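J.: The whole structure should be built from the sequences, with the hints applied where relevant.
Protein chains: 2
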Amino acid sequence: MDNFIFRNPTRIIFGKGSIAKLSKYVPKKAKVLVLFGGGSIKTNGVYDQVMQALKKHEVLEFGGIEANPDYDTLLKAIKLVKGEKVDFLLAVGGGSVIDGTKFISLAAANKVKDPWDILTHINDLKIKKAIPFGTVLTLPATGSEMNPNSVISRRATQEKMAFSHPKVYPKFSVLDPETTYSLPASQVRNGIVDAFVHIMEQYMTYPVGAIVQDRQAEAILLALVELAPKAMQDPPDYEGRANYMWAATNALNKLICQGVPQDWTTHNIGHELTAFYGLAHAETLAVVLPYVLWYKRDLKGDKLVQYGKRVWNGTANGKRARMSEAIEKTAAFFQGLGMPTTLTAYGIDPDEAALKVSQRFAERGTVLGEHNDIKPEDVANILRLSR
Amino acid sequence: MDNFIFRNPTRIIFGKGSIAKLSKYVPKKAKVLVLFGGGSIKTNGVYDQVMQALKKHEVLEFGGIEANPDYDTLLKAIKLVKGEKVDFLLAVGGGSVIDGTKFISLAAANKVKDPWDILTHINDLKIKKAIPFGTVLTLPATGSEMNPNSVISRRATQEKMAFSHPKVYPKFSVLDPETTYSLPASQVRNGIVDAFVHIMEQYMTYPVGAIVQDRQAEAILLALVELAPKAMQDPPDYEGRANYMWAATNALNKLICQGVPQDWTTHNIGHELTAFYGLAHAETLAVVLPYVLWYKRDLKGDKLVQYGKRVWNGTANGKRARMSEAIEKTAAFFQGLGMPTTLTAYGIDPDEAALKVSQRFAERGTVLGEHNDIKPEDVANILRLSR
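First to last, the protein sequences are chains A and B.
First residue of the first sequence? That's 1 in our numbering, and the numbers climb one at a time after it.
First residue of the second sequence? That's 388 in our numbering, and the numbers climb one at a time after it.
No lab work stands behind these hints, which were simulated from the structure alone.
Here the structure is a predicted model, which is why all the values come from computation and not from measurement.
Where is the CB? At the ideal position from N, CA and C, for every residue including glycine.
Warning: the hint list may mix true and false statements.
[To be verified] With the C-beta cut set under 7 Å, the calculated list includes, among others, these residues of chain B facing chain A:
(1) Ile392
(2) Tyr568
(3) Gly596
(4) Gln603
(5) Val612
(6) Glu613
(7) Glu626
(8) Asn630
(9) Trp633
(10) Lys696
(11) Arg697
[Unchecked claim] Below, in silico cross-link-like pairs of lysine to any residue (SDA-like), each with a Cα-Cα straight-line distance of 25 Å or less:
(12) A:Lys55 with B:Ile392
(13) B:Lys558 with B:Ile392
(14) A:Lys24 with B:Pro553
(15) B:Lys716 with B:Arg751
[Claimed, not checked] Partner residues aside, some chain B positions facing chain A, computed with beta carbon under 10 Å:
(16) Met388
(17) Phe401
(18) Lys403
(19) Val595
(20) Glu605
(21) Asn637
T.: Right, dumping it as structure tokens:
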């Protein structure tokens with residue numbers, strides 16, 4: 001087990017009816033900017049619940065934050081925050097709205113020459129503060145409601161970049177499973193796959209004797225496999241949605257990654273597939289993960305066998321068969337949720353994708369994987385398998 | 388799953404060599420009171436490491452906090468803290484030193500008529516602040532390093548009482564597994580049993596559809612069963628001790644109890660056995676838990692079967708056999724660590740203990756269990772089984 005430093009100060013307010021408690025956690029005299037996406041919160045009742053809860057607060061609004069929040073949209077919000085001297089942000093939505101709010105929080109509070117620098121080299125900047133913010137989660141998937149991570153897209157340059165900073169842990173996050181009742185089945189499916197792959201990125205590397213972290217990672221994987229059918233029930237089932245919501249948060253709240261190596265190859269490749277082809281984030285993960293596991297099966301072998309046994313009750317004969325079985329079960333789980341696991345299923349040419357993504361990584365000098373051994377040519381090889 | 392509100396702001400600084408990082412987390416200009424126990428930290432090098440790390444700080448000392456920290460000892464520390472205007476506390480030790488420090492933190496910072504009121508009716512008091520404190524953990528067991536709980540003993544009246552308050556989450560806790568190398572085997576054993584029973588109190592009730600919390604609880608139980616032999620190795624094994632330390636913290640950091648019913652019958656009875664007979668905390672748990680599970684086996688049956696299957700790979704035929712098997716495996720695990728599971732093994736008459744403890748609960752009007760159905764006569768029945 002490696003040394004680590006861990007602190008997660010986000011308050012979780014969980015359960016049906018929780019939005020009504022909002023006013024207790026938003027500072028009384030704050031000028032609040034409520035940020036949201038395409039407007040689904042106006043039709044599913046969440047907007048009304050939030051506004052009702054904040055009726056004694058001074059509230060401004062900023063809607064229209066896209067899935068894969070766009071840099072140029074966020075610049076407009078930053079201008080509003082500065083101009084109006086907003087001192088509390090409330091993100092109401094899924095990971096995109098929350099990620100966008102994190103970027104706004106830092107870019108509006110700190111003097112940075114070019115806000116894009118936050119995405120490209122945050123560690124060289126003097127980040128001293130952040131505009132405090134809370135979240136009301138409506139789409140469980142990214143874990144952004146209880147972590148310091150953010151992913152921002154820049155459509156003008158077809159880029160999608162991530163940053164992480166301890167100042168952007170949400171002050172609180174309201175998790176009411178009933179806010180997910182209006183989600184289309186495809187988004188619940190995407191959320192489950194996203195959470196699953198988050199855990200895999202932190203777990204599927206090589207054993208370092210971290211018994212506690214391994215069991216905790218497997219716990220949430222097992223929970224996701226068990227809850228998936230319940231979460232996808234129509235009409236929605238409260239327990240299914242509650243477990244889905246809490247599992248997605250726990251999948252990426254920085255607990256299970258402490259003291260262990262991490263991969264994140266699948267996410268890095270996936271981000272480029274969204275940038276180039278517009279696939280939803282979870283869709284990109286499902287067309288990449290199985291092939292990363294297969295391509296690196298020798299180095300990930302011990303962990304693949306452990307995973308296959310503990311999560312999938314694997315019974316194949318011999319180590320190599322166990323490894324293949326674990327990868328196949330993973331892909332079958334995604335497919336069982338109605339999620340394609342090949343680029344070709346989306347009409348994307350794997351050879352073209354391999355070329356585009358590997359070229360970009362070559363330009364940036366990106367090397368991936370827990371061993372830093374996945375070079376641009378390996379990325380191309382991985383993507384060529386996705387057919 | 389029930390609604391819940393969760394926030395755990397404690398920073399964990401984990402791994403060998405971590406004590407050297409202390410000065411970064413103790414406020415620079417603070418007058419620091421270092422609190423410790425019987426002096427083992429002076430022989431195992433921990434005291435020297437702490438003082439070296441704090442050499443630029445103004446430091447006072449208060450040693451002699453007992454196992455099961457005594458109220459009268461803590462009153463002396465409170466006097467010192469007030470007299471010297473101490474503004475940061477550093478607990479160096481196990482759960483007793485940390486629990487004592489939490490009590491000092493509240494009693495010295497708030498105007499309370501009688502400090503004992505903090506133990507008997509904290510919710511009626513106006514607790515507005517706490518003297519901030521950190522911890523350097525040397526005996527993993529209670530989870531006090533990452534929770535807001537404290538248990539204080541008052542030898543003068545043979546009482547042992549608990550309190551919990553969100554103001555007494557440690558600001559940080561340094562967890563260096565090497566600090567445990569000098570522990571006698573009996574204390575490692577006690578720590579493992581304590582952590583195990585902490586999880587059982589939060590888990591072994593009845594199913595409420597909390598898939599995530601159940602899997603997370605089982606994860607730490609599984610980890611404890613697997614790590615126990617490694618943790619008890621002599622000479623000490625770093626990975627064994629690291630997993631033991633992190634498991635004990637995760638067993639009671641308020642994550643797995645969110646949204647689920649809790650029991651705590653075993654702890655409540657156990658506290659009285661320490662107060663009357665001086666048994667170590669973990670020793671009391673091992674002589675009570677199996678009989679609580681047996682006595683309440685009908686109401687806990689579904690969860691007992693689930694636990695037996697997931698933690699012990701139970702194979703007995705039929706539900707009642709599965710329930711018995713799960714209880715037997717639990718007692719056998721304790722016994723395998725060299726931990727007795729009967730009062731008679733300590734020369735204590737179960738009938739006398741039954742009388743004494745149930746009388747005290749009758750006087751206090753104490754009723755226990757997740758269904759509030761364990762009355763003083765039930766406590767007597769449970770203790771009579773411990774033979």
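J.: Compare the structure with each hint and give your call.
T.: Comparing the hints with the structure gives:
{"no.": "1", "hint": "Ile392", "result": "holds (5 Å)"}
{"no.": "2", "hint": "Tyr568", "result": "violated (16 Å)"}
{"no.": "3", "hint": "Gly596", "result": "holds (4 Å)"}
{"no.": "4", "hint": "Gln603", "result": "holds (5 Å)"}
{"no.": "5", "hint": "Val612", "result": "violated (10 Å)"}
{"no.": "6", "hint": "Glu613", "result": "holds (5 Å)"}
{"no.": "7", "hint": "Glu626", "result": "holds (4 Å)"}
{"no.": "8", "hint": "Asn630", "result": "holds (5 Å)"}
{"no.": "9", "hint": "Trp633", "result": "holds (5 Å)"}
{"no.": "10", "hint": "Lys696", "result": "violated (12 Å)"}
{"no.": "11", "hint": "Arg697", "result": "violated (9 Å)"}
{"no.": "12", "hint": "A:Lys55 with B:Ile392", "result": "holds (22 Å)"}
{"no.": "13", "hint": "B:Lys558 with B:Ile392", "result": "holds (19 Å)"}
{"no.": "14", "hint": "A:Lys24 with B:Pro553", "result": "holds (16 Å)"}
{"no.": "15", "hint": "B:Lys716 with B:Arg751", "result": "violated (34 Å)"}
{"no.": "16", "hint": "Met388", "result": "holds (5 Å)"}
{"no.": "17", "hint": "Phe401", "result": "holds (5 Å)"}
{"no.": "18", "hint": "Lys403", "result": "holds (7 Å)"}
{"no.": "19", "hint": "Val595", "result": "holds (9 Å)"}
{"no.": "20", "hint": "Glu605", "result": "holds (7 Å)"}
{"no.": "21", "hint": "Asn637", "result": "holds (6 Å)"}
The structure fails hints 2, 5, 10, 11, 15 (numbered hints given earlier, in ascending order).
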